[in-house]
Amino acid sequence: RKEVEQDPGPFNVPEGATVAFNCTYSNSASQSFFWYRQDCRKEPKLLMSVYSSGNEDGRFTAQLNRASQYISLLIRDSKLSDSATYLCVVIHSGYSTLTFGKGTMLLVSP
Amino acid sequence: EPEVTQTPSHQVTQMGQEVILRCVPISNHLYFYWYRQILGQKVEFLVSFYNNEISEKSEIFDDQFSVERPDGSNFTLKIRSTKLEDSAMYFCASSESSPGAYGYTFGSGTRLTVV
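Line by line, the protein sequences are chains A and B.
Take 1 as the starting number for the first sequence in the numbering used here and just add one per residue.
Take 1001 as the starting number for the second sequence in the numbering used here and just add one per residue.
Just so you know, these hints were derived from the structure itself, not from any lab.
Some clues are possibly wrong.
[Claimed, not checked] Below 20 angstroms or equal to it, Euclidean Cα-Cα: the simulated DMTMM-like pairs (lysine to aspartate or glutamate) are:
{"id": "1", "chain 1": "A", "residue 1": "K102", "chain 2": "A", "residue 2": "E5"}
{"id": "2", "chain 1": "A", "residue 1": "K42", "chain 2": "A", "residue 2": "D82"}
{"id": "3", "chain 1": "A", "residue 1": "K45", "chain 2": "B", "residue 2": "E1018"}
{"id": "4", "chain 1": "B", "residue 1": "K1083", "chain 2": "B", "residue 2": "E1056"}
{"id": "5", "chain 1": "B", "residue 1": "K1042", "chain 2": "A", "residue 2": "D57"}
{"id": "6", "chain 1": "A", "residue 1": "K45", "chain 2": "B", "residue 2": "E1044"}
{"id": "7", "chain 1": "B", "residue 1": "K1078", "chain 2": "A", "residue 2": "E3"}
{"id": "8", "chain 1": "B", "residue 1": "K1078", "chain 2": "A", "residue 2": "D57"}
{"id": "9", "chain 1": "A", "residue 1": "K45", "chain 2": "A", "residue 2": "D57"}
{"id": "10", "chain 1": "B", "residue 1": "K1083", "chain 2": "B", "residue 2": "E1018"}
{"id": "11", "chain 1": "B", "residue 1": "K1078", "chain 2": "B", "residue 2": "E1056"}
{"id": "12", "chain 1": "B", "residue 1": "K1083", "chain 2": "B", "residue 2": "D1062"}
{"id": "13", "chain 1": "B", "residue 1": "K1042", "chain 2": "B", "residue 2": "E1068"}
{"id": "14", "chain 1": "B", "residue 1": "K1083", "chain 2": "B", "residue 2": "E1096"}
{"id": "15", "chain 1": "A", "residue 1": "K45", "chain 2": "B", "residue 2": "E1003"}
{"id": "16", "chain 1": "A", "residue 1": "K42", "chain 2": "B", "residue 2": "E1044"}
{"id": "17", "chain 1": "A", "residue 1": "K102", "chain 2": "B", "residue 2": "E1085"}
{"id": "18", "chain 1": "A", "residue 1": "K42", "chain 2": "B", "residue 2": "E1059"}
{"id": "19", "chain 1": "B", "residue 1": "K1042", "chain 2": "B", "residue 2": "E1001"}
{"id": "20", "chain 1": "A", "residue 1": "K45", "chain 2": "B", "residue 2": "E1001"}
{"id": "21", "chain 1": "A", "residue 1": "K42", "chain 2": "B", "residue 2": "E1018"}
{"id": "22", "chain 1": "A", "residue 1": "K45", "chain 2": "A", "residue 2": "D82"}
{"id": "23", "chain 1": "B", "residue 1": "K1042", "chain 2": "B", "residue 2": "E1096"}
{"id": "24", "chain 1": "B", "residue 1": "K1078", "chain 2": "B", "residue 2": "D1063"}
{"id": "25", "chain 1": "A", "residue 1": "K102", "chain 2": "A", "residue 2": "D77"}
{"id": "26", "chain 1": "B", "residue 1": "K1042", "chain 2": "B", "residue 2": "E1053"}
{"id": "27", "chain 1": "B", "residue 1": "K1083", "chain 2": "A", "residue 2": "D7"}
{"id": "28", "chain 1": "B", "residue 1": "K1078", "chain 2": "B", "residue 2": "E1018"}
{"id": "29", "chain 1": "B", "residue 1": "K1078", "chain 2": "B", "residue 2": "E1044"}
{"id": "30", "chain 1": "A", "residue 1": "K102", "chain 2": "B", "residue 2": "E1018"}
{"id": "31", "chain 1": "A", "residue 1": "K102", "chain 2": "B", "residue 2": "E1044"}
{"id": "32", "chain 1": "A", "residue 1": "K102", "chain 2": "B", "residue 2": "D1086"}
{"id": "33", "chain 1": "A", "residue 1": "K42", "chain 2": "A", "residue 2": "E15"}
{"id": "34", "chain 1": "B", "residue 1": "K1057", "chain 2": "A", "residue 2": "E3"}
{"id": "35", "chain 1": "A", "residue 1": "K42", "chain 2": "B", "residue 2": "E1068"}
[Claimed, not checked] Computed, partial: chain A to chain B, Cβ under 10 angstroms:
{"id": "36", "residue": "D57"}
{"id": "37", "residue": "G58"}
{"id": "38", "residue": "R59"}
{"id": "39", "residue": "S72"}
{"id": "40", "residue": "L74"}
On a predicted model such as this, the values are computed, not experimentally measured, just so you know.
Note that the Cβ used here is the ideal one computed from N, Cα and C, for glycine as well.
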């Protein structure tokens, strides 16, 4: 079964904290990986793609471990505006569809 | 920044009625998708559409559902004989090419409430 698993949270952190989210996927043939962000009752928005070598975009760092089928997202210096649900998303080989995890909720407080 | 536009933003319908959800994908995109999200649940794939035909569909996308690209800009999802469990947020998405590297752009969604 093609599944993407995430800790639902919520993660409650103060402003300025560093927080990490993890995600595991069950299909070893998965080929593309993303982190999306979803605000309450809004559409998912692409945060960043995840590459095998790891990649960074400002305060956000994504890592992929294909051997362990594990993806991570690190957010440094958390802002109030980072409060949202973070969705781990994969595309399985041979498909163009996105398989979503249920998401991890982040709450950043003053 | 180009957007995927969905209308209406909220649709209330009686059980058993038919609804049509409308989407205008980004103009140079070639791949179109419908996803849904039941409240509190994960986003689920329904159907993908390329070159004027369905390219993939999930087990959710049964005979109750159909998609159409009636003209060069609109992409519609029709739900026949709606059921209470069809209540969800329906997201349209599009991508310029195979989304392997870049993912999709989602519309802001239509909240469907079946009463």
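Hint check:
Distance restraint check for K102(A) and E5(A): the Cα-Cα separation of roughly 7 angstroms lies within the 20 angstroms cut-off, and the hinted pair is therefore satisfied. Proposed proximity of K42(A) and D82(A) is supported: the alpha carbons are some 14 angstroms apart, at most 20 angstroms. Only pairs whose Cα atoms come within 20 angstroms are accepted, and K45(A) paired with E1018(B) is rejected, the gap being roughly 29 angstroms. Our distance criterion of 20 angstroms between C-alpha atoms is broken by K1083(B) and E1056(B), whose separation comes to about 23 angstroms.
Between K1042(B) and D57(A), the direct Cα distance comes to roughly 25 angstroms. Violation of the 20 angstroms bound is thereby established for this hinted pair. A hinted pair counts as satisfied when its Cα atoms are at most 20 angstroms apart, and K45(A) with E1044(B) qualifies at roughly 15 angstroms. For the hint pairing K1078(B) with E3(A), the CA-to-CA distance comes to about 28 angstroms; that exceeds 20 angstroms, so the pair is violated. Between K1078(B) and D57(A) the CA atoms are separated by roughly 39 angstroms; this puts the pair beyond 20 angstroms, and the hint is violated.
A distance of roughly 15 angstroms separates the Cα atoms of K45(A) and D57(A); the hinted pair therefore holds under the 20 angstroms criterion. About 10 angstroms separates the Cα atoms of K1083(B) and E1018(B), which keeps this hinted pair within 20 angstroms; it holds. Annotation: proposed proximity of K1078(B) to E1056(B) holds, straight-line Cα distance about 17 angstroms (limit 20 angstroms). For a cut-off of 20 angstroms, the pair hint linking K1083(B) to D1062(B) stands: about 13 angstroms separates their Cα positions.
Distance restraint check for K1042(B) and E1068(B): the Cα-Cα separation of roughly 25 angstroms exceeds the 20 angstroms cut-off, and the hinted pair is therefore not satisfied. As the CA atoms of K1083(B) and E1096(B) are separated by approximately 33 angstroms, the hinted pair breaks the 20 angstroms bound. For the proposed pair K45(A) and E1003(B), the alpha carbon gap of about 12 angstroms is at most 20 angstroms, so the pair holds. For a cut-off of 20 angstroms, the pair hint linking K42(A) to E1044(B) stands: about 15 angstroms separates their Cα positions.
The hinted pair formed by K102(A) and E1085(B) meets the criterion: a straight-line CA distance of about 19 angstroms does not exceed 20 angstroms. As the CA atoms of K42(A) and E1059(B) are separated by approximately 25 angstroms, the hinted pair breaks the 20 angstroms bound. In summary, the hint linking K1042(B) to E1001(B) is not supported, as the alpha carbons are separated by about 27 angstroms, beyond the 20 angstroms threshold. Of the pairs offered as hints, the one joining K45(A) and E1001(B) holds, with about 13 angstroms between alpha carbons and a cut-off of 20 angstroms not exceeded.
Only pairs whose Cα atoms come within 20 angstroms are accepted, and K42(A) paired with E1018(B) is rejected, the gap being roughly 24 angstroms. About 13 angstroms separates the Cα atoms of K45(A) and D82(A), which keeps this hinted pair within 20 angstroms; it holds. For a cut-off of 20 angstroms, the pair hint linking K1042(B) to E1096(B) is broken: about 24 angstroms separates their Cα positions. Under the criterion of a C-alpha separation no larger than 20 angstroms, the hint pairing K1078(B) with D1063(B) is consistent with the structure, at around 10 angstroms.
At roughly 25 angstroms between alpha-carbon atoms, K102(A) and D77(A) are farther apart than 20 angstroms, so this suggested pair is violated. The suggested pairing of K1042(B) with E1053(B) is violated, with an alpha-carbon distance near 26 angstroms, which exceeds 20 angstroms. A threshold of 20 angstroms between alpha carbons decides the hint, and for K1083(B) with D7(A) the separation of about 31 angstroms lies outside it, so the pair is violated. For the suggested pair K1078(B) and E1018(B), the alpha carbons sit about 7 angstroms apart, so the restraint of at most 20 angstroms is met.
Among the hinted pairs, K1078(B) with E1044(B) is consistent with the structure: their alpha-carbon atoms are about 17 angstroms apart, no more than 20 angstroms. Restraint check: the Cα-Cα separation between K102(A) and E1018(B) comes to about 29 angstroms, which exceeds 20 angstroms; the hinted pair is violated. At most 20 angstroms may separate the alpha-carbon atoms for a hinted pair to count; K102(A) and E1044(B) meet this at roughly 10 angstroms. At roughly 19 angstroms between alpha-carbon atoms, K102(A) and D1086(B) fall within 20 angstroms of each other, so this suggested pair holds.
Distance check on the hinted pair: K42(A) and E15(A) sit about 23 angstroms apart at the alpha-carbon level, beyond 20 angstroms; violated. Under the criterion of a C-alpha separation no larger than 20 angstroms, the hint pairing K1057(B) with E3(A) is consistent with the structure, at around 17 angstroms. The straight-line distance between the Cα atoms of K42(A) and E1068(B) is roughly 24 angstroms, outside the 20 angstroms bound, and the hint therefore fails. For D57(A), the shortest C-beta to C-beta distance to chain B is roughly 14 angstroms, which exceeds 10 angstroms, and the interface hint is violated.
Interface restraint check for G58(A): the shortest CB-CB distance to chain B comes to about 18 angstroms, outside 10 angstroms, so the restraint is violated. Hint status for R59(A): violated, given a least beta-carbon distance of 20 angstroms to chain B, over 10 angstroms. Checking S72(A) against chain B by beta carbon gives a least distance of about 18 angstroms; that is not within 10 angstroms, so the hint is violated. Because the beta carbon of L74(A) sits about 20 angstroms from the nearest beta carbon in chain B, more than 10 angstroms, this interface hint is broken.
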